[in-house]
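Chemist: Working from the sequences, and respecting the hints, build out all of it.
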Amino acid sequence: KLTSSNNRPREDSWLKSLFVRKVDPRKDAHSNLLAKKETSSLYKLQFHNVKPECLEAYNKIWGPNNEVLPNPSSSGYKYYLPYNLHSEVLPKIHEDKHYPCTLVGTWNTWYGEQDQAVHLWRYEGGYPALTEVMNKLRENREFVEFRKARSNMLLSRKNQLLLEFSFWNEPVPRSGPNIYELRSYQLRPGTMIEWGNYWARAVRFRQDNNEAVGGFFSQIGQLYMVHHLWAYKDLQTREDIRNAAWHKHGWEELVYY
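Here the sequence shown is numbered in UniProt numbering, starting from 1 and rising by one per residue.
Each hint can be trusted.
Beta-carbon label-pair distances, calculated as ranges:
{"#": "1", "residue 1": "159", "residue 2": "237", "range": "29 to 35 Å"}
{"#": "2", "residue 1": "159", "residue 2": "57", "range": "17 to 23 Å"}
{"#": "3", "residue 1": "207", "residue 2": "145", "range": "42 to 48 Å"}
{"#": "4", "residue 1": "142", "residue 2": "191", "range": "39 to 45 Å"}
Derived by calculation from the structure, the hints in this document are not laboratory data. No residue lacks a Cβ here, since even glycine has one placed at the ideal position from N, Cα and C.
Modeler: Set out below in structure tokens:
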């Protein structure tokens with residue numbers, strides 16, 4: 001399950017810090033200053049607003065258990081996706097080494113936008129990988145039929161292309177079940193670098209419980225967007241972890257921004 005929050009500039013949330021660095025503004029593009037240098041992964045975040053009467057059928061297409069999925073090469077994890085007429089389409093794409101993409105996670109919203117599904121894809125190789133996948137999917141008859149069936153269930157949909165912040169780890173499989181919180185922020189133009197500098201320090205206060213899943217900023221689609229994805233055992237655990245952060249000296253100064 002997924003809860004979502006949309007906030008104007010300020011308030012909280014972020015993951016495991018690999019290192020903390022201050023970015024000098026106006027020296028380069030945001031994508032070069034804030035994104036990871038060691039990977040060239042591009043992410044696509046999809047939002048599907050489903051017809052209420054079609055939600056059960058839609059979930060059968062995507063799967064009864066929605067979590068952060070394992071890499072195709074990983075072992076010891078099971079993932080659950082479609083099991084009807086189109087049951088093999090998405091797992092095939094997820095596992096096929098000729099498609100440079102991975103279905104990282106798929107969720108239904110619990111609070112926030114209702115009857116909504118959210119999907120996160122990773123493209124290993126950036127924009128060329130995305131283009132390669134799109135071209136192959138146009139020729140994939142199974143996927144074309146799957147997309148037609150899916151379109152009849154939707155009221156609307158949108159997506160964004162994202163990059164990871166350099167001070168977050170990649171989303172990885174975790175034991176569950178969990179609830180996930182997607183906190184989305186619309187920043188003022190020109191403040192992305194400052195945001196990154198603050199949160200590169202703030203993540204140090206949110207590493208004790210492994211609750212942070214991933215952190216991203218938009219490149220194509222709605223601009224100046226930041227997304228923080230968190231995982232908790234349940235809502236009470238979420239409240240306890242968030243309250244504990246306020247007892248750490250320095251947290252209040254960073255999130256006040």
